[in-house]
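Each protein sequence line maps, in turn, to chains F and G.
Under the numbering used here, the letters of the first sequence match residues 1 to 149, in that order.
Under the numbering used here, the letters of the second sequence match residues 1 to 502, in that order.
Among the hints, a few may not be true.
Said to hold, decoys possible - Derived pair list, reagent style BS3-like, types lysine-lysine, alpha-carbon separation capped at 27 Å:
hint : chain 1 : residue 1 : chain 2 : residue 2
1    : G       : K345      : G       : K43
2    : G       : K326      : F       : K116
3    : F       : K86       : F       : K137
4    : G       : K357      : G       : K473
5    : G       : K495      : G       : K57
6    : F       : K15       : G       : K9
It should be emphasised that the hints constitute simulated quantities derived from the structure, not laboratory data.
Keep in mind that this is a model prediction, so the values were computed, not measured.
If you want the building blocks of each chain, they are given just below.
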Amino acid sequence: MEQPTASAIIDFAEKLEEDSSNFYENLAEKFAEKKSVFLSFAQESRKNKVLVTRTYRETITDALEACFSFEGLNLNVYAVTANLTKDTEYSEALRMAIELEDKAHKFYSNVAELSKCLLATIPGAFRKVAERRSNRKQILKSLLDQATP
Amino acid sequence: MAVLDEPLKEVLAVKNYIAGEWVESEGEVVDVVNPATCKVIAKVPISTKDEINTAVKAAQEAFPEWRKTPPLARARCLFRLKELFEERFEELSRIQTMEHGKTIDESRGETRRGIENVEVAAGIPSLMMGYNLEDIAAGIDEYLVRQPLGVFGIISPFNFPFMVPLWFAPYAVATGNCIIIKPSSENPISQTKIAEMTEEAGFPLGVWNVVNGGRTVVSGMLEHPDIEGICFVGSTPVAKDVIYRKCGETGKRVVAQAGAKNFLLVMPDANLTSTIAACMTSFYGNTGQRCLSGANLIVVGEGLNEHEYNAFYEKAVNAFVDAACKIRVGYGLDESVQMGPLRDKSKKEKVTGFIEKGIEEGAKLRLDGRNVKLLGDWPHTCFLNPTVFEDVTADMTIGKEEIFGPVASIIRARSLDEAIETIHSNPFGNAASIFTSSGKFAREFQYRVLCGNIGINIGIVAPMAFFPFSGMKDSFFGTLHGQGQEAIRFFTESKVVIQRWF
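So that you can see chain F by itself, here it is in the shape it has in the complex (with noise of 0.2 Å):
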């Protein structure tokens, strides 16, 4: 059964939210129409890496202490790839956004189901993580849905 220490978790958030900062920057690049929004996106990403990184650095006491690890965890579940390229259209673009959103709030939210034994800090930073990546999934679905005819 997968065990991934409480380093090896945050490590892999933070790497998800620096892919996310890329892959919306690229994106808002890419389609100057909805530039506003994935810049956004892509500031959000910087923000929540900030604060899994905080929570994290001012509470591995308390993971360590309860002797935690991240039971049954297989981080390989949700690790995406989202390349663009020069030919990736619009639509083709947001359905990769969409997956991406998906894996990465479905990653929080059991993430924040697991360590929910912890101080509160940690499972409540988590949440918020999924809670945004929720929000841009569906504002992501409603852009798919104006670009679909």
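Take the given structure of chain F and dock chain G to it, following the hints.
Then chain G, alone, in the frame of chain F:
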């Protein structure tokens, strides 16, 4: 999983930090070795008596100005130091893993615990306040002020190279004293980095000094008439027969935190799943190299008949062994690793010697950590895997002596009374925990057990920075403890003033 980037790229030449200068030592130089990779990461000097004397003089010269510095201004230096720690949190943590061997999560936890002490000490304007009472007699008032004493020495062990000096140093300087830290020569890099940051944080020259070395530096501190007190964390023989005795002879204040043999009791009504999880970090966290580590697990049969007790004992022991054998061992900078190496080869040999002794004395070896299995291709020099013995008795060598490694000894006791007697038969009194869902058992345990740190369903009874780090019997020598209000009292003299104006 990939190994995190190592922050130390070259062999670091460690120097002493005296009066705000980085000073080369005249003493012999020894290697600092990363126990996971066996690579030399630094060279540390074994400083001379003259060098410790120079540091004491520098600290003494800095004292009058520093003591006059308003507490709020002293606190601001600590706030800046905290900010620097936060900024370089990851670098500081990875250095601990490199110089000690602990996992990156453990190092980050150590960094956080160190920072917490700086945060608490930054409250010095409130913490250091005295008290007063008007009209103790006709027209006479009385008040108490806390005044700093001068220069203190801090002698720290290898097992928490970043945190342990911070149990004392922030409180010492916050109260207006000056300090000299002697880090363990096995892992002095964290304290070098902290000293660099104290300079940046604005501590005046000579307030915070670091002198590297061994016995000569310790003797120099103990014998120096201008050192007012010593804070020591290390083994019981040194704490008792050297530090405490010598401080008594020379009239110094002393906090001497020493060895341990911590007992964890599992009662029949305990939540076994949570108990075993807590036991894993207790027995194997920091590779068992901490004075709060679990050493002996007593499976207690209170209220059970023999058949029920045997079934409960088997269930508890099997769960413990199953969990212990799943612990992933390797280089602490690999994020998937849960336990790192022992600090050095000699410590591994010492632990191996205890395992051999346990077998020789008739304990049943359920899990043999000498069969080293690692994540990653690292030299086995300092590594052991978790070891579990059962059928241990409190008079066996492994049942009574401090092993300071990843070895668990499981002991039987038919009742809570018998378990408490077993704890009391041991000379140490650092920490003890009970796992139970009964308030009655918990209350009985915390009331009767002669240990300084008591856990109720807690594996590692580590007091937060605003509580003293306690200890009893052969685990502590002194009166006041490190951390929190007790540290403030340790580092200050209580002066009483009675005044009347004619």
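Going down the list of hints, with the structure as the test:
For the hint pairing K345 (chain G) with K43 (chain G), the CA-to-CA distance comes to about 18 Å; that is within 27 Å, so the pair holds. For the given pair, K326 (chain G) sits about 23 Å from K116 (chain F) by alpha-carbon distance, which is consistent with the 27 Å threshold. For the hint linking K86 (chain F) to K137 (chain F), the alpha-carbon distance of about 23 Å falls within 27 Å, and the restraint holds. Note on K357 (chain G) and K473 (chain G): the hinted pairing holds, with a Cα-Cα distance of about 25 Å set against a maximum of 27 Å.
Proposed proximity of K495 (chain G) and K57 (chain G) is supported: the alpha carbons are some 25 Å apart, at most 27 Å. A distance of roughly 24 Å separates the Cα atoms of K15 (chain F) and K9 (chain G); the hinted pair therefore holds under the 27 Å criterion.
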